[in-house]
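2 protein chains.
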Amino acid sequence: MAVGLSEPVDILPVAGIKLASVAAGIKKNGKDDMVVFIIDEHASCAASFTQNAFCAAPVTLAKKNLKQAPPRALLINSGNANAGTGDTGMQNAVQSCQWLAQELNCSAEQVLPFSTGVIGEQLPMDVMQSGIKQVVQNPLEDNWLLAAKGIMTTDTVAKAVSRTLIIDGSKVTLSGIAKGSGMICPNMATMLSFIATDANIEENYLQQCLSDAVAISFNAITVDGDTSTNDACVLIATAKAGNKPLNNSSANAGTFVTALNEICQQLAQTIVRDAEGATKYVTVSVQLAKSIVEAKNVAYTIAHSPLVKTALFASDPNWGRILAAVGRAGIEQLDISCINIFLGDVCIVRNGGVDADYQEEKGQAVMNEEEISITVELHRGDDAATIWTSDLSHEYVRINSEYRS
Amino acid sequence: MAVGLSEPVDILPVAGIKLASVAAGIKKNGKDDMVVFIIDEHASCAASFTQNAFCAAPVTLAKKNLKQAPPRALLINSGNANAGTGDTGMQNAVQSCQWLAQELNCSAEQVLPFSTGVIGEQLPMDVMQSGIKQVVQNPLEDNWLLAAKGIMTTDTVAKAVSRTLIIDGSKVTLSGIAKGSGMICPNMATMLSFIATDANIEENYLQQCLSDAVAISFNAITVDGDTSTNDACVLIATAKAGNKPLNNSSANAGTFVTALNEICQQLAQTIVRDAEGATKYVTVSVQLAKSIVEAKNVAYTIAHSPLVKTALFASDPNWGRILAAVGRAGIEQLDISCINIFLGDVCIVRNGGVDADYQEEKGQAVMNEEEISITVELHRGDDAATIWTSDLSHEYVRINSEYRS
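Sequence lines, in order, name chains A and B.
Quick note, the first sequence lines up with residues 130 to 534 if you use the working numbering.
Quick note, the second sequence lines up with residues 130 to 534 if you use the working numbering.
Hints are computed from structural coordinates only; laboratory data are not their basis.
Keep in mind that a hint or two might mislead.
Stated by the list, open to error - In the DSSO-like style, the derived pairs of lysine-lysine whose C-alpha atoms are separated by at most 27 Å in a straight line are:
1. K157(B) - K491(A)
2. K147(A) - K369(A)
3. K147(B) - K300(B)
4. K147(B) - K373(B)
5. K147(B) - K262(B)
6. K156(B) - K192(B)
7. K491(B) - K157(A)
8. K156(B) - K491(A)
9. K192(A) - K300(A)
10. K491(B) - K156(A)
11. K147(A) - K193(A)
12. K160(B) - K147(B)
These numbers were taken from a predicted model, which means no experiment stands behind them.
With the hints as constraints, model all of the structure from the sequences given.
In structure tokens, the structure reads:
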């Protein structure tokens, strides 16, 4: 039930990155479940991880490895999250990195592990071992789409985006993949997303670009308010494009930042369009807030409300539920007589009460659309935030009550 | 789909309180939708209201009237919340109080108005006027159960409880009713609940008793995390029982407090048992926390997680979802190696990882029950909190996507 999504096409190779995907046997349905990124020497790498205190073993290990050596490979499995698995889970993550490192003649610290799937089950290590031997057989620069498919769990559509740009006269490519459609409310991180560019970028600046991009993309989406234990986003710059190293004083930095932000927002929005059971794609925008934190807080309160989400599913312009969500968002000294609320372009609430010109037919027409925007004006300041979310459907309940059966 | 609920019986009259309920015509289904409580002189009254900034007109007016004069009547309508209705909504609430005051020969400030139902529609004032004339015809002390039915909206079972106790040798009665099964996450207030006693209690102390009782009852339940615009809880003491006035230095105060806490907890739990679409009744207890706020925060994060709630609906011991919710509850410097999690009496997580003795069959046996407890030990301090919640079922989505159709 993806909203306005089709299979990605024209995902461009990035010089210095080879990918492969195989069906190792972790997923019971026989689909691809193991992906490697093989990274040439001299690449830079930035990453952003889940803030969930119960972060998975691979997240802990990837953070640690990233500090020790420049990564030469990403090892990603789907079908098993290796989260809540204690010491054994950590040993299994370490062992998996060692196996891949042996195949690639690098150190185990140069492999970053990522897992996604069911929480609380140990990785099947015999399957991991044979999968790793298999996945290194034929890595290709052109395997981005295969990799996007290999990291899927409940996703119904693969998620991948590319951009090209010119920096210092050099043609630069930026490609990324992502997965995720449930347990989505990233907190300073994201569901799994892997982005690579052949641009030459200083590593500190690369991390800054990624953190800024994540704040307005992966950290601005929610499906169900549940922050995963395994969220991670990695940005690799292989430096093959030949441009002068970019940093925050480069004249061309803005060109790269714009393209990266677009890639991240498009991947993040794709996750919401493919949200579990989604029938609506909803943009929630809060304007004229005292701070960005306040604006995001109101936006998330609306986006997480089961009553708002079921009204969206029903195409019901039941705006009282939006109003109630704004009212419980915990804003100190909120003057409701200053609040306006819009459904699409239709003003439903003006100065805290139903707009004099509002007619149910106008609200109904907006709600009948697949893509809906909700805008709240607080009139408390100049800050704003926009987030993206989905509705709460029968299909969401079905998927999540049957996921392990 | 109420869990372990049957129609209340033996709801005892409270001397000094007469009640009546009629079908005024606000609800389209012809069921009762207007209730009055008529209160004798010399009664004390305490109340607790929603903290939603978009509180409804009747909430604003009831708060104001309560400060001005001792209440002689409560006027409650179901089927229309009179919320998000602006100045007209406030005028309609004032007018309704005036009409009832005329019938009862008291001042309009001595009437407290309450409304529950759809948000954003104006009260039908002709229906209100004729209903008020009708509802005052035959109020009786024995009408508690009728009143409990008259305030229902999506509730499937009426909610009422009574207790008797002896204070200073006087027999004291305590009776209460409540309504609510969706938009339930009271914040320092409750869904509609009306409780009366014939005990003689000093008004300041009455408010203290109510606030304390609400904190561990109505403020400890959640169905969907949505705090209503109309929550209110009223406690009336008519002083007819003949006991010496109770205050916080009375030897017998504890007897009354215990009975009041029991009434409030039972009414609150009844709301959860009758939660929209509920198939499970779930107790979430967080132990050994640094503070009560921290314990409640973790408990609510679990109780609001759509993934935990759908796993409960599926009777799926998918404890990874509970663990992920604990991990995203935002506790500073949480040491996950100190955390234990129990499903019923079964330890699923010990020291942050799956318990060595855990077997899926044991977790499954607990999840198969209709009544389930989830206990989390944080080992950070000595504080604790217990809250009650329901699961997220297909029926919840159906009810809330069809509510206005």
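query = Going straight from one Cα to the other, do K157(B) and K491(A) come out at no more than 27 Å?
reply = Cα-Cα ~24 Å, so holds.
query = Can the restraint linking K160(B) and K147(B) be considered satisfied, given a maximum Cα separation of 27 Å?
reply = Roughly 21 Å between the alpha carbons, so the hint for K160(B) and K147(B) holds.
message = With the threshold set at 27 Å, check whether the alpha-carbon distance from K491(B) to K157(A) stays at or below it.
response = holds, 24 Å
27 Å Cα cutoff - pair K147(B), K373(B) = Status holds; Cα separation ~23 Å.
Hinted pair K147(A) and K193(A), Cα distance within 27 Å = holds, 24 Å
inquiry  = Between the alpha carbons of K147(B) and K262(B), is the straight-line distance 27 Å or under?
reply    = Satisfied, since the Cα-Cα distance of roughly 16 Å is no more than 27 Å.
key: Straight-line alpha-carbon gap K192(A) to K300(A), limit 27 Å   = violated, 31 Å
ask   = Holds or violated: K147(A) with K369(A), Cα cutoff 27 Å?
value = holds, 13 Å
ask   = Would the pair K156(B) and K192(B) pass a check requiring their Cα atoms to be no farther apart than 27 Å?
value = Holds, at about 26 Å.
query = Quick one, are K491(B) and K156(A) close enough, alpha carbons at most 27 Å?
reply = The hint holds at about 25 Å.
query = Between K147(B) and K300(B), is the straight-line Cα distance small enough, at 27 Å or below?
reply = holds, 19 Å
key: Restraint status (C-alpha distance of K156(B) to K491(A) at most 27 Å)   = The given pair, whose Cα atoms are some 25 Å apart, holds under the 27 Å limit.
Against the hints set out earlier in the document, a violation occurs for number 9 only.
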